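A.B. asks: Residue-level listing of the chains:
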Amino acid sequence: MHKVINQEIKQIISAYPEVGRILEEYNIGCVPCSVGSCLLKDVVGIHNLDPEKEATLMYRIEKAIYPGRNVPKPVVDASKKSAPKKITYSPPVKKLVDEHVLIKRLLALIPSVAEYTETSMKVDKDLILRCVDFIRNYADKYHHMKEEDILFKYVDEKAEVIQIMYKDHDTGRGYVRQAVEGAEKGNKAQIKENLLAYRELLTQHIKKEDEILYPWIDRQLSTTQVGEVFQKCNAADASVGDALPRKYEKFIIELEEKFLQEVTK
Amino acid sequence: MSGCPGSKTIDFSEKTNQEGSETGKRPSQLRQWPIQMHLVSPMAPYFQGKDILLAADCTAFALGDFHKDYLKGKSIAIACPKLDSDQEVYVEKIKALIDDAKINTLSVMIMQVPCCFGLAQIAKDGAEKATRKIPVKQIVVGLEGNILSEEWL
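Which chain is which? The protein sequence lines are A and B, in order. The first sequence begins at 1 in the numbering used here and counts up by one. The second sequence begins at 1 in the numbering used here and counts up by one.
Because the hints were derived from the structure by calculation, they are not lab data. Take these hints with a grain of salt, some might be off.
[Unchecked claim] Straight-line C-alpha distance at most 25 Å; calculated SDA-like pairs for lysine to any residue:
(1) LYS133/B with LEU244/A
(2) LYS133/B with ILE87/A
(3) LYS95/A with LYS124/B
(4) LYS124/B with CYS233/A
(5) LYS95/B with ALA236/A
(6) LYS68/B with GLN220/A
(7) LYS232/A with PRO42/B
(8) LYS129/B with ASP242/A
(9) LYS129/B with ALA238/A
(10) LYS95/B with CYS233/A
(11) LYS232/A with LYS124/B
(12) LYS153/A with GLY49/B
(13) LYS124/B with ASP237/A
(14) LYS129/B with GLY241/A
(15) LYS133/B with PHE152/A
(16) LYS95/A with TRP152/B
(17) LYS94/A with PHE117/B
(18) LYS8/B with GLN121/B
(19) LYS146/A with GLY49/B
(20) LYS124/B with ASP242/A
(21) LYS73/A with GLU24/A
(22) LYS94/A with ASP125/B
(23) LYS133/B with ASN234/A
(24) LYS247/A with ARG132/B
(25) LYS232/A with ASP99/B
(26) LYS232/A with GLU128/B
(27) LYS232/A with LYS72/B
(28) LYS72/B with TYR154/A
(29) LYS102/B with ASP218/A
(30) LYS102/B with ASP149/A
(31) LYS102/B with GLN231/A
(32) LYS208/A with LEU153/B
(33) LYS232/A with THR131/B
[What the hints assert, rightly or not] In silico negatives: residues of chain B with every beta carbon more than 12 Å from chain A:
(34) LYS68
(35) ASP86
(36) PRO114
Keep in mind the model is a prediction, meaning the values are calculated, not measured. Ideal placement from N, C-alpha and C gives every residue a C-beta, glycine not left out.
Generate the whole structure from the sequences, applying the supplied hints.
C.D. replies: Take a look at the structure:
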């Protein structure tokens with residue numbers, strides 16, 4: 001088992017599909033993950049299951065991998081802290097979670113933008129570029145950069161889960177470049193495909209951050225580090241000013257009004 | 001039973017399920033003097049840029065590992081929201097700690113009795129009056145020395 005827990009989860013699920021099904025039961029969503037390079041031990045540890053659940057999960061995984069082996073019944077490590085019932089965040093991390101809300105409002109509008117693009121006589125280049133401007137300057141520059149330049153520096157940046165976040169950010173930037181190219185060329189299919197791909201990617205990315213990554217980081221931060229991250233994030237926000245988040249919130253409200261009118265026409 | 005939970009008589013001297021080790025000596029983690037909220041000055045060097053523990057008087061007696069787990073690495077001020085007078089001064093001192101001493105964080109440690117939450121309110125009022133913003137944490141200690149909750153406000 002020691003060898004298995006140090007293996008990448010994708011390899012394990014590929015060799016033992018039952019392990020994927022067991023993880024799903026515990027709301028550990030590794031099966032659809034596009035990367036799957038986290039080690040099994042990290043996958044289990046990062047979800048902060050309560051000790052009894054974790055022991056039972058490991059027991060079931062071992063039984064699935066070695067059905068003929070006499071696996072001892074799970075031993076509960078009572079010294080480990082139980083997982084908190086509800087997720088709470090430190091103030092700087094809570095600010096990042098709150099910023100996700102505006103990003104999710106854009107993601108919710110993307111199917112309408114894509115459909116509007118597809119059914120319009122001519123590509124509304126200005127609309128696409130304004131959405132891209134939101135993604136690049138609010139979601140990426142304002143939000144993702146605080147993660148990359150500040151928060152992630154307080155944990156092991158080589159950890160697979162952090163590498164996956166970096167990869168998601170890069171993949172998202174690629175979709176946005178493609179959407180811009182589509183807008184420049186008037187290629188409706190290219191715009192639609194890449195905006196929808198961005199939506200799917202960011203929806204999963206934000207869910208992973210809110211439910212798994214941020215709580216995991218918060219558990220590692222000392223009180224002193226929480227204060228440091230808070231001040232650094234505040235300084236980063238102050239460097240761009242209050243006008244930036246206000247501008248992009250106004251844009252989202254306008255977009256929501258536009259597409260609400262489209263739907264009710 | 002009725003009356004104020006803060007002064008109600010409770011005897012848990014028969015408590016037997018005591019986990020932990022009695023071996024070894026633990027050094028004091030106190031790095032300053034004075035510590036009482038009326039006596040400390042927000043301009044004292046030991047507050048500048050530090051993580052501050054604002055502890056209700058009773059907490060240090062209730063928590064077995066107060067020094068090791070909560071005081072270590074922090075500067076401290078203590079107060080009793082039930083018995084201390086002139087508590088508006090405390091609000092101003094917290095504001096000054098945040099704005100002038102530029103403290104990094106403020107952790108407020110209180111007992112579970114209702115009157116002790118007054119200290120958390122004082123901390124919140126001081127933080128709200130301050131121009132600078134900092135993370136504020138509330139730690140609630142049970143009467144038998146267990147941590148009931150620890151959360152950022």
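A.B. asks: With reference to the structure, classify each hint as holding or not holding.
C.D. replies: Consistency of the hints with the structure:
Distance restraint check for LYS133/B and LEU244/A: the Cα-Cα separation of roughly 20 Å lies within the 25 Å cut-off, and the hinted pair is therefore satisfied. For the hint linking LYS133/B to ILE87/A, the alpha-carbon distance of about 23 Å falls within 25 Å, and the restraint holds. Between LYS95/A and LYS124/B, the direct Cα distance comes to roughly 18 Å. Compliance with the 25 Å bound is thereby established for this hinted pair. For the suggested pair LYS124/B and CYS233/A, the alpha carbons sit about 21 Å apart, so the restraint of at most 25 Å is met.
Between LYS95/B and ALA236/A, the direct Cα distance comes to roughly 23 Å. Compliance with the 25 Å bound is thereby established for this hinted pair. Straight-line distance between C-alpha atoms of LYS68/B and GLN220/A comes to about 18 Å, which keeps the hinted pair within the 25 Å bound. For the hint pairing LYS232/A with PRO42/B, the CA-to-CA distance comes to about 23 Å; that is within 25 Å, so the pair holds. In summary, the hint linking LYS129/B to ASP242/A is supported, as the alpha carbons are separated by about 20 Å, within the 25 Å threshold.
A threshold of 25 Å between alpha carbons decides the hint, and for LYS129/B with ALA238/A the separation of about 20 Å falls inside it, so the pair holds. For a cut-off of 25 Å, the pair hint linking LYS95/B to CYS233/A stands: about 21 Å separates their Cα positions. For the hint pairing LYS232/A with LYS124/B, the CA-to-CA distance comes to about 22 Å; that is within 25 Å, so the pair holds. Between LYS153/A and GLY49/B, the direct Cα distance comes to roughly 21 Å. Compliance with the 25 Å bound is thereby established for this hinted pair.
For the hint pairing LYS124/B with ASP237/A, the CA-to-CA distance comes to about 23 Å; that is within 25 Å, so the pair holds. Only pairs whose Cα atoms come within 25 Å are accepted, and LYS129/B paired with GLY241/A is accepted, the gap being roughly 22 Å. Of the pairs offered as hints, the one joining LYS133/B and PHE152/A holds, with about 22 Å between alpha carbons and a cut-off of 25 Å not exceeded. Note on LYS95/A and TRP152/B: the hinted pairing holds, with a Cα-Cα distance of about 12 Å set against a maximum of 25 Å.
With a C-alpha separation of about 23 Å, the suggested pairing of LYS94/A with PHE117/B holds against the 25 Å cut-off. With a C-alpha separation of about 23 Å, the suggested pairing of LYS8/B with GLN121/B holds against the 25 Å cut-off. Taking the CA atoms of LYS146/A and GLY49/B, the gap is about 22 Å. The hint holds against a cut of 25 Å. Restraint check for LYS124/B and ASP242/A: the C-alpha separation of about 24 Å stays at or below 25 Å, so the hint holds.
This hinted pair checks out: LYS73/A and GLU24/A have alpha carbons roughly 21 Å apart, not beyond 25 Å. Annotation: proposed proximity of LYS94/A to ASP125/B holds, straight-line Cα distance about 21 Å (limit 25 Å). Distance check on the hinted pair: LYS133/B and ASN234/A sit about 9 Å apart at the alpha-carbon level, within 25 Å; holds. Pair hint LYS247/A plus ARG132/B holds up; C-alpha atoms about 24 Å apart against a cutoff of 25 Å.
The hinted pair formed by LYS232/A and ASP99/B meets the criterion: a straight-line CA distance of about 16 Å does not exceed 25 Å. For the proposed pair LYS232/A and GLU128/B, the alpha carbon gap of about 20 Å is at most 25 Å, so the pair holds. Under the criterion of a C-alpha separation no larger than 25 Å, the hint pairing LYS232/A with LYS72/B is consistent with the structure, at around 24 Å. Proposed proximity of LYS72/B and TYR154/A is supported: the alpha carbons are some 21 Å apart, at most 25 Å.
Restraint check for LYS102/B and ASP218/A: satisfied, since their Cα atoms lie roughly 23 Å apart, inside the 25 Å limit. For a cut-off of 25 Å, the pair hint linking LYS102/B to ASP149/A stands: about 23 Å separates their Cα positions. Taken as a hint, the LYS102/B and GLN231/A pair is honoured in the structure, with Cα atoms around 11 Å apart against an allowance of 25 Å. For the suggested pair LYS208/A and LEU153/B, the alpha carbons sit about 24 Å apart, so the restraint of at most 25 Å is met.
Using a Cα cut-off of 25 Å, the hinted pair LYS232/A and THR131/B holds, with the two alpha carbons roughly 16 Å apart. No Cβ of chain A approaches the Cβ of LYS68/B within 12 Å, the least distance being about 14 Å, so the stated non-interface status holds. The beta carbon of ASP86/B sits about 29 Å from the closest Cβ of chain A, which is more than 12 Å, so the claim that it is off the interface holds. For PRO114/B, the requirement that its beta carbon stay farther than 12 Å from each beta carbon of chain A is met, with the minimum near 22 Å.
Violated hints: none; the structure is consistent with every hint.
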